[in-house]
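Spelled out, the chains give:
2 protein chains.
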Amino acid sequence: MREEYQAFRTMLERRGVLRGAAMLGAGAAILSPLPALAASSQSAAIRKAAEAGKEASVKRLRDWIALPSIAAENRNMAEGAAYMADLARDAGFTNVEIVPTDGHPGVFGTIDVGAKRTLGIYFMYDVKQFDPAEWSSPPLEGRMVDKPGFGLSMVGRGAVNQKGPEAAFLAALHAIRAAKATLPVNIVLICEGEEEIGSPHFRQVATKPNVLAALKKCEGIFIPFPSQDQTGAVDVNLGSKGIIELELVASGEKWGRGPKGDVHSSLKAMVDSPAWRLVQALQTLVTPDGNKPAIEGWFENVRPLTEREKSLIRAAAAAGDEAEQKKALGVTHWINNLSYDDALIRLAQEPTVNIEGLVAGYTGPGGKTVLPGRAVAKLDLRLVPNQTRAEAEKKLRAHLDKHGFTDVEVNVSGGYDPTEVAEDSMLIRTELATYKKLGVPAHINARLAGSWPGATFTAPPVSIAAGHFGIGHGAGAHAPNEYYLIDSTNPKVAGLVDATMGFAEFLYTLAAMK
Amino acid sequence: MREEYQAFRTMLERRGVLRGAAMLGAGAAILSPLPALAASSQSAAIRKAAEAGKEASVKRLRDWIALPSIAAENRNMAEGAAYMADLARDAGFTNVEIVPTDGHPGVFGTIDVGAKRTLGIYFMYDVKQFDPAEWSSPPLEGRMVDKPGFGLSMVGRGAVNQKGPEAAFLAALHAIRAAKATLPVNIVLICEGEEEIGSPHFRQVATKPNVLAALKKCEGIFIPFPSQDQTGAVDVNLGSKGIIELELVASGEKWGRGPKGDVHSSLKAMVDSPAWRLVQALQTLVTPDGNKPAIEGWFENVRPLTEREKSLIRAAAAAGDEAEQKKALGVTHWINNLSYDDALIRLAQEPTVNIEGLVAGYTGPGGKTVLPGRAVAKLDLRLVPNQTRAEAEKKLRAHLDKHGFTDVEVNVSGGYDPTEVAEDSMLIRTELATYKKLGVPAHINARLAGSWPGATFTAPPVSIAAGHFGIGHGAGAHAPNEYYLIDSTNPKVAGLVDATMGFAEFLYTLAAMK
Chain W
1 MREEYQAFRT MLERRGVLRG AAMLGAGAAI LSPLPALAAS SQSAAIRKAA
51 EAGKEASVKR LRDWIALPSI AAENRNMAEG AAYMADLARD AGFTNVEIVP
101 TDGHPGVFGT IDVGAKRTLG IYFMYDVKQF DPAEWSSPPL EGRMVDKPGF
151 GLSMVGRGAV NQKGPEAAFL AALHAIRAAK ATLPVNIVLI CEGEEEIGSP
201 HFRQVATKPN VLAALKKCEG IFIPFPSQDQ TGAVDVNLGS KGIIELELVA
251 SGEKWGRGPK GDVHSSLKAM VDSPAWRLVQ ALQTLVTPDG NKPAIEGWFE
301 NVRPLTEREK SLIRAAAAAG DEAEQKKALG VTHWINNLSY DDALIRLAQE
351 PTVNIEGLVA GYTGPGGKTV LPGRAVAKLD LRLVPNQTRA EAEKKLRAHL
401 DKHGFTDVEV NVSGGYDPTE VAEDSMLIRT ELATYKKLGV PAHINARLAG
451 SWPGATFTAP PVSIAAGHFG IGHGAGAHAP NEYYLIDSTN PKVAGLVDAT
501 MGFAEFLYTL AAMK
Chain A
1 MREEYQAFRT MLERRGVLRG AAMLGAGAAI LSPLPALAAS SQSAAIRKAA
51 EAGKEASVKR LRDWIALPSI AAENRNMAEG AAYMADLARD AGFTNVEIVP
101 TDGHPGVFGT IDVGAKRTLG IYFMYDVKQF DPAEWSSPPL EGRMVDKPGF
151 GLSMVGRGAV NQKGPEAAFL AALHAIRAAK ATLPVNIVLI CEGEEEIGSP
201 HFRQVATKPN VLAALKKCEG IFIPFPSQDQ TGAVDVNLGS KGIIELELVA
251 SGEKWGRGPK GDVHSSLKAM VDSPAWRLVQ ALQTLVTPDG NKPAIEGWFE
301 NVRPLTEREK SLIRAAAAAG DEAEQKKALG VTHWINNLSY DDALIRLAQE
351 PTVNIEGLVA GYTGPGGKTV LPGRAVAKLD LRLVPNQTRA EAEKKLRAHL
401 DKHGFTDVEV NVSGGYDPTE VAEDSMLIRT ELATYKKLGV PAHINARLAG
451 SWPGATFTAP PVSIAAGHFG IGHGAGAHAP NEYYLIDSTN PKVAGLVDAT
501 MGFAEFLYTL AAMK
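The listed protein sequences derive, respectively, from chains W and A.
Going by the numbering used here, 139 is the number at position 139 of the first sequence; the sequence numbering is gapless.
Going by the numbering used here, 426 is the number at position 426 of the second sequence; the sequence numbering is gapless.
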């Protein structure tokens, strides 16, 4: 899930890691002090319009936060899609349509100015669930709160994930129009309302014939993303690992041995144990050190990193602070006692089988003499190019069956294929060129070890470059007190108006790219 | 823990298993229809006194329930010990003393009537924690509620575990005194307030010189126990398995590898996983089918069942309803597809390593992309004669160390040695003779697969027979709506007055034993 990346960022920020780029598998750094935003031909007028439109932008974001669409709770989904469509129309999109799916609807619209190039923009209009009791200000009110080291920020569910940066992108379109400037590229907007539940029907939106036709014309697509940390630096990702999230379940019910429910633990002497069954099935999935998948055929389609990718990572390792990262993570040794650069190469290179959680029987304080009828391991399996989710699911099932665990259930809750974007693609070149113009230090990540649903775009039939772009800052995705920076007090980090200008800059840069 | 047996009974009753004796490892049945209570020499007068004293007995129980002593919460411990001492004095015990320990105090008292024989009685004055919100009548009020199939019962925390049957025993002493009958045996009373937390200091009470000297004079000791199920049948246990309850903990903290806390799961590619470490350590503890301990030297001191024990179990199997038991437990096959009698023999014979629970990382609904810094398996290890808890703890540690898991913590929360009582001991012979006089069908359990703290008495330096005795009924130990039967409407099951008479009968039977 895409938000996963945002959540990871938040975690690193909380742990006080200034720059997590290297940790994500990063590369060459274009380091320079942050100057004023770059001047494009029409930028003065657009900036003036962006400043003038700031209050309207802030209100637009606040009103949007007040309408939380939550797919997991089936809350405000039709309302959220209609609101998204209105936001798109207000920003100048035409032919805006609500696209029904087997789940909740998507939204699609275009701005065709007859430009040579077309840019795709991906929005999510849904937000993560929240518990108001955990928040220090009401999650739907969008109150302004000072965040030390950054500045005045709007607090609310969805503020950073993803309404704030999306609102900044819309603000750029409003500002360009208000400045009577010429929009330099055509824009295709595709939105979904199920991102937080793993985008189960998004492919239906993207492959609707008129949507697909529009997407295929795009030079690439990005999700507006507030990429800056407190040093002002940003990441440019050349792809990400895929993921399968699943529960492995051993139960007396399916096994036909052991109890169907929990029974008294003394019965272990005459009754089989689904919890032991789970342990035995689990331990076949990895090497004895727990570090390498041992599922049959798992590495068949794994593409080794290229020398270029490795050199990007080595450069990131050289620029990174290994001691600080170890401290932040509470880790004293990397796997196999690898050196830092080898560990970062392994981070990008290797598929993983990770235990997210174990749940069986009695889980409270102390003990309770039960023999559980059911045991669950929550796993995530990270995939690398050219593995696919479909292939991996099939191989996992075949592996368990071959080892005699036909009864052990594999309940997949979601996942994505890995994604790759060429370093020389128009999208990445434009991102780098824009950041350079903006004076923002950008790190190239050879591969994000986390995962996002970009494969919907990068895989056939859409087959376009996809990534994240944006300056600005926010944090707290999926957590209480999520926020998005509005008025920056940090000279290296963009507030709302500068973030707006960053998106405008991208559009003009794209139009001018060779 | 002793209450463990009570909880097991409750579970079986809830599942509608009429008779769990065979399941506990049972033997020969003395089946006969339940007549009126047997007539001993002075029984008519004692019964009259017991009837007359019934309201006082009920009030005594209700008042006691109103004062819950809970060691885990350090609630009413001094008050509970003082109250226990008052109850003992009121029932005729002299030299009653509160016995300090390093934890909460015990209570000790004697009634010396110069009789030839002395009986030990073990009380617990503490009760299990409770949440009033889960109860359908207030847990400290002792309200009378009709329990279909049994009759009017007092509902309250501690009603069956163990204040109800203890109050019935005290009522027998009151009735004998009120009837001006001669108490036929001397009585030694030893009480603790930490039974529900695993009796950590009870040995200090039992080995205090004057207490030890008194205990050593006893023919045996029992805890008053409402043994009857709805058929009226009771169990007589010739011993029980021991138990060690523990948590096996793998953590980055202790391991020096992996993270100290939870980190983002994408890091699995470069960071070791304590959850995988736990899985690998666990799977060394048992055979691949999960059914036999594989800890080095585990079977060195295991005494095989005798032919007599096996024949008792085979008789129980013949009398048991295998299909009904499988249904009640939700089990379709016993371990290794054993026959019913072989499964019951295995139940009594084999030590076990059971997973009570698994807890690591994210345990809520769905998934969360974390790599947990800590993983816990809650285990109970059942021990059989002549294993000891000390030996087993040492061997478990040595096994883990030998397999390289020196970092995996073994946190023992409690446990008991196994216990054994000779079938021809005065205690068991008296139990059987009393039940026979009472016309109560009694099953001899060769070995209880559950566990109780009887080893305090059966092991040196006390070295006396120990068991459970009593008619009557109750259920819900450790659960909401715990109850103890007062006015029976089931002709096969004793209410309070008959349970009182059952204890009186035991005293006279013991005095008359050859």
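Don't take each hint at face value.
Said to hold, decoys possible - Computed, partial: chain A to chain W, Cβ under 8 angstroms:
#1 GLY261
#2 TRP276
#3 ALA294
#4 ASN411
#5 SER413
Calculated from the structure, these hints are not laboratory results.
For each residue, glycine too, the CB sits at the ideal point set by N, CA and C.
Hint check:
1. Taken as an interface hint, GLY261 (chain A) checks out: its beta carbon lies about 5 angstroms from the nearest beta carbon of chain W, inside 8 angstroms.
2. The beta carbon of TRP276 (chain A) comes within 3 angstroms of a beta carbon in chain W, closer than 8 angstroms, and the hint placing it at the interface holds.
3. Violation of the interface hint for ALA294 (chain A) is found here, the shortest Cβ-Cβ separation to chain W being roughly 11 angstroms, above the 8 angstroms cut-off.
4. Taking 8 angstroms as the C-beta contact cut-off toward chain W, the hint placing ASN411 (chain A) at the interface is violated, the least distance being around 10 angstroms.
5. With a cut of 8 angstroms, the hint placing SER413 (chain A) at the interface with chain W holds, because the nearest CB-to-CB distance is about 6 angstroms.
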